[in-house]
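J.: Residues per chain, in single letters:
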Amino acid sequence: MTTLPNNVDYAFRVYGDNILECLILIEWLDHSEESGFIQQGKTGPIDRPIFIYKSAKSDFSYAFQLCPYYGGTGRRSLWPTDPIGEWSAEKPDVVVTRVLEDGTQLKPTLAIEFCDALQAGNQAWQRFRRAYDSATAGIPYFYVLPLIGWERDSGGLALKGARYQSAQITLAQLALCSKLGTPSLQIYTGTSWVELAERYDHPVPNKWSEFADIKYAVQYAGLLLREVESSALQQEKERINALTPIFNGMLQVAKTYGKHLDTKFTLHTERPLFKSEEDIEKASKTYAQAVSVRKPVEGEYALHNINHDDLKNKGALFFKDAQNGTTTPRFRDGFLKWLNWRDSFAPDIKQAYLEKWNVNLSGEMLPASIPSSRLNEIARSNRDKLPVTYKEGKSEAAFVQNRKVLRDILATTYPKLSQTFLKWVEGNNNENRPLLTVPFYGYKPSGDSRPDRGLLPNLAALFPDLTADRNILVVMYSINTPKNWRHLLSNEGNELWNVIRVLAGGLIVDVTQEGLLINDNGLES
Amino acid sequence: MIQINSLVTYLPTSHGEHGVDATLHMLCMSGGPLHEVFSNPPGGSWTQFDLIRPRTEDVYRWDHIPREPKALVKRPDLVLQLNDGDNMNLLSVESKLNFQAAEENMSEKLMRYFAGTPEFTGLKQKPAWHSRKGLIAEPEIIEGVSATPQRWQVLAPDASENERYWFRDYPEQKIIFWSGFAYALAPEVYEDATTVNQDKILREMGVLQNSQPDLDVVIAIGWAGKFHEPFILRSYSKRFASSKMFEGLDAHLKPALLNP
Chain A
2 MTTLPNNVDY
12 AFRVYGDNIL
22 ECLILIEWLD
32 HSEESGFIQQ
42 GKTGPIDRPI
52 FIYKSAKSDF
62 SYAFQLCPYY
72 GGTGRRSLWP
82 TDPIGEWSAE
92 KPDVVVTRVL
102 EDGTQLKPTL
112 AIEFCDALQA
122 GNQAWQRFRR
132 AYDSATAGIP
142 YFYVLPLIGW
152 ERDSGGLALK
162 GARYQSAQIT
172 LAQLALCSKL
182 GTPSLQIYTG
192 TSWVELAERY
202 DHPVPNKWSE
212 FADIKYAVQY
222 AGLLLREVES
232 SALQQEKERI
242 NALTPIFNGM
252 LQVAKTYGKH
262 LDTKFTLHTE
272 RPLFKSEEDI
282 EKASKTYAQA
292 VSVRKPVEGE
302 YALHNINHDD
312 LKNKGALFFK
322 DAQNGTTTPR
332 FRDGFLKWLN
342 WRDSFAPDIK
352 QAYLEKWNVN
362 LSGEMLPASI
372 PSSRLNEIAR
382 SNRDKLPVTY
392 KEGKSEAAFV
402 QNRKVLRDIL
412 ATTYPKLSQT
422 FLKWVEGNNN
432 ENRPLLTVPF
442 YGYKPSGDSR
452 PDRGLLPNLA
462 ALFPDLTADR
472 NILVVMYSIN
482 TPKNWRHLLS
492 NEGNELWNVI
502 RVLAGGLIVD
512 VTQEGLLIND
522 NGLES
Chain B
660 MIQINSLVTY
670 LPTSHGEHGV
680 DATLHMLCMS
690 GGPLHEVFSN
700 PPGGSWTQFD
710 LIRPRTEDVY
720 RWDHIPREPK
730 ALVKRPDLVL
740 QLNDGDNMNL
750 LSVESKLNFQ
760 AAEENMSEKL
770 MRYFAGTPEF
780 TGLKQKPAWH
790 SRKGLIAEPE
800 IIEGVSATPQ
810 RWQVLAPDAS
820 ENERYWFRDY
830 PEQKIIFWSG
840 FAYALAPEVY
850 EDATTVNQDK
860 ILREMGVLQN
870 SQPDLDVVIA
880 IGWAGKFHEP
890 FILRSYSKRF
900 ASSKMFEGLD
910 AHLKPALLNP
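Here the protein sequences come in this chain order: A and B.
Each residue of the first sequence is one higher than the last, beginning at 2 in this note's numbering.
Each residue of the second sequence is one higher than the last, beginning at 660 in this note's numbering.
Just chain A, with the same shape it has in the complex (with noise of 0.2 angstroms):
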């Protein structure tokens, strides 16, 4: 081991989930000019070296000890203390902590994911549980990623398609920045990829080559490590310069890819924001600026305050694909069906849909025969009445405005379900919030199913002010479920359901029929 230098005035604990992503944050820190870090030599055990760095903008000395055996998709740590504990129920890439002489580890001083995985379907939101919770606990988070992908054949001999963000993740992200302050960033990395997708004519975003960088990521990692170093005026300054870029390239991703083919997130990307190309120059300031001193984002450029007129003008019509082979009759017929809407179904499917949730067609001329086309139309100007989502195409969970036939429709599917269980989806004459209903798939016939895990709180960041207080109903209908999902649920081993019982206020199990209330204090059948 070579001589250690005898102290340093801040020390920091790298946990990573191996040497390689350790290893990334030294490289990040290595970058003097943007980092503000001067590297002075490594010490310690060759397979878990301490850097000693100097500060490039004062005499402060520091120590990052990399800690690279945190790994796993569990709880378990082979360190002695847990660095996420209390804050994070599931580990992050890589985690920062603070040490201070007594050898206590403050709270994170940021948190990373790293991602090289090409972006596909559900797989973008696998992993939203660590940008929900690092946000709520006030935790700086990084999710680094490619801008573009390109998936290849089974043998890696031809290219296929080009795989492009989920906007689903970014805006979920950008309304954790918005709503508690907090910065949860997107930092996107333009890989060879992203020229060739140019080449073909894909779609990139505007202005790609000058957010697609790592260095604003680097320069405001820097800028948390150093917080000590300068006034708070100063740091606020320096914060908005790096942030600035970031916020830009996370709204310029949102736009391209939330108007993307069949997907498109009207919600959201109608609102002001994504107006103009100005807009978004103002936007990335005001995100910036708020998230530089922690506050939340006012004004018009707010994203996490989209409420139930937004839905009754912008919603639209449900639809979520199910297959036979995983679901079972009950399901589909007696609750799924009440829900999906298609302008391609048959017109006599669509007017028993209109008239389930109480669509008035009296004024029709011969309601028994109503063109399709216009059973289209009477179902977007009634869709203040209908269950409705965040995107066109296929989506995951809607809104039911009229929780009163929601009622109605789970009590008939669902007999074994208690009247205080029904009562609370009708939800109390205070309560005129439409219930987002979840229909969750949950277990594939391997087991539990990873993407599924990190939907409740993509959907919790996206509407804040509508699933606040577990306004949230899920549907747990996969064949696979397992019988004993009680005990699961109760004895809190499993991050599936434990995300159901952290955020949920209600549970229906398909292949059970049950159903309980889940509340602060617990469950309630």
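Please keep in mind that the hints were generated in silico from the structure rather than gathered at the bench.
Among the hints, a few may not be true.
Below are the EDC-like pairs computed for lysine to aspartate or glutamate, each with C-alpha atoms no more than 20 angstroms apart in a straight line [unchecked claim]:
(1) B:Lys729 - A:Asp154
(2) A:Lys43 - B:Glu888
(3) A:Lys161 - B:Glu820
(4) B:Lys733 - B:Asp873
(5) B:Lys783 - A:Asp154
(6) A:Lys338 - A:Asp311
(7) B:Lys792 - A:Glu356
(8) A:Lys161 - B:Asp817
(9) A:Lys405 - A:Glu356
Each pair of labels, with its calculated beta carbon distance range [unchecked claim]:
(10) B:Thr854 - A:Gln235: 50 to 56 angstroms
(11) A:Asn492 - B:Ala761: 24 to 30 angstroms
(12) B:Leu731 - A:Glu237: 57 to 63 angstroms
(13) A:Glu34 - B:Gly793: 21 to 27 angstroms
(14) A:Lys286 - B:Leu731: 55 to 61 angstroms
Even for Gly, the Cβ is constructed at its ideal location relative to N, Cα and C.
Got chain A sorted already, so can you dock chain B onto it with the hints?
T.: Then chain B, alone, in the frame of chain A:
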């Protein structure tokens, strides 16, 4: 002020495969003759191989390679490269948390990751998807994640076969595959390195090499002292011990070797 000694005494409760991979990675990245093509410690999702084309300083990248190839094929945990004129030496290492976790036919399974099987397209058969001119000045863990990403060019389907498929078309006789197994000792931690029963461990390694004669390298890693410093014992096949790859590997391992 924070005492550095107080940091060093903060120790993991165990080391295992993590410790093996971290030790080897840090030794391989600390400067030396070998190029680290691939490293995939537990908990990682690294799916890219970077190979240096002999007689050039051009680096080619295969990304999004499969994580869990089918049976009879093993994705290495570490791949090291040494070019010697036209010859390419590639050492693939499988690492495990202990000696007992060694599998049968490791060498064969590791080789198949490159060569392929009828059911699995080996890396050698796949086109490279990126290239960059000139050696990598600094290691880069994920393209773009480093603060100054290297300038990679995508090798689109219309790029020349000579670029995309140079590895596939490289003469078989000029690619020398080596295989290795690395593991954590049990017990992992020793009060003092002098208390390590080297003979016993070397015998254990010898037994493995006798039963798997194609295995060129066996590395055992333990931790000693109050700071749990890693140390290494290694055993090489005769063929490997007379190769240039041996000199290169030993140069990297030297800072931790218990029996230099």
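J.: Check whether the Cα positions of A:Lys161 and B:Asp817 lie no farther apart than 20 angstroms.
T.: Since the Cα atoms of A:Lys161 and B:Asp817 sit roughly 14 angstroms apart, the hinted pair holds (cutoff 20 angstroms).
J.: Take the C-beta atom of B:Leu731 and the C-beta atom of A:Glu237, compute their distance, and say whether it sits inside 57 to 63 angstroms.
T.: 59 angstroms, holds
J.: Falls inside 24 to 30 angstroms, the C-beta gap from A:Asn492 to B:Ala761?
T.: 37 angstroms, violated
J.: What's the verdict on A:Lys405 and A:Glu356, does the C-alpha distance respect the 20 angstroms limit or exceed it?
T.: 14 angstroms, holds
J.: How does the Cβ-Cβ distance of B:Thr854 and A:Gln235 compare with 50 to 56 angstroms: does it lie in that range?
T.: Given range 50 to 56 angstroms: holds, Cβ gap about 54 angstroms.
J.: Given the hinted pair A:Lys161 and B:Glu820, is their Cα-Cα distance within 20 angstroms?
T.: 19 angstroms, holds
J.: Checking one constraint from the list: CA of B:Lys792 to CA of A:Glu356, max 20 angstroms. Satisfied?
T.: Violated - the C-alpha atoms of A:Glu356 and B:Lys792 are around 67 angstroms apart, more than 20 angstroms.
J.: For B:Lys733 and B:Asp873, compute the direct alpha-carbon distance and say whether it is at most 20 angstroms.
T.: 15 angstroms, holds
J.: Measure nothing beyond the straight line between the CA atoms of B:Lys729 and A:Asp154; if it is 20 angstroms or shorter, mark the hint as holding.
T.: 16 angstroms, holds
J.: With respect to the beta-carbon atoms only, verify the hint that A:Lys286 and B:Leu731 lie 55 to 61 angstroms apart.
T.: Holds - the Cβ-Cβ distance for A:Lys286 and B:Leu731, about 57 angstroms, lies within 55 to 61 angstroms.
J.: Taking only the CA atoms, is the gap from A:Lys43 to B:Glu888 under or equal to 20 angstroms?
T.: With a Cα-Cα distance of about 14 angstroms, the restraint between A:Lys43 and B:Glu888 holds, given a limit of 20 angstroms.
J.: Between B:Lys783 and A:Asp154, is the straight-line Cα distance small enough, at 20 angstroms or below?
T.: With a Cα-Cα distance of about 16 angstroms, the restraint between B:Lys783 and A:Asp154 holds, given a limit of 20 angstroms.
Consistency with the previously given hints fails for numbers 6, 7, 11, ordered from lowest to highest.
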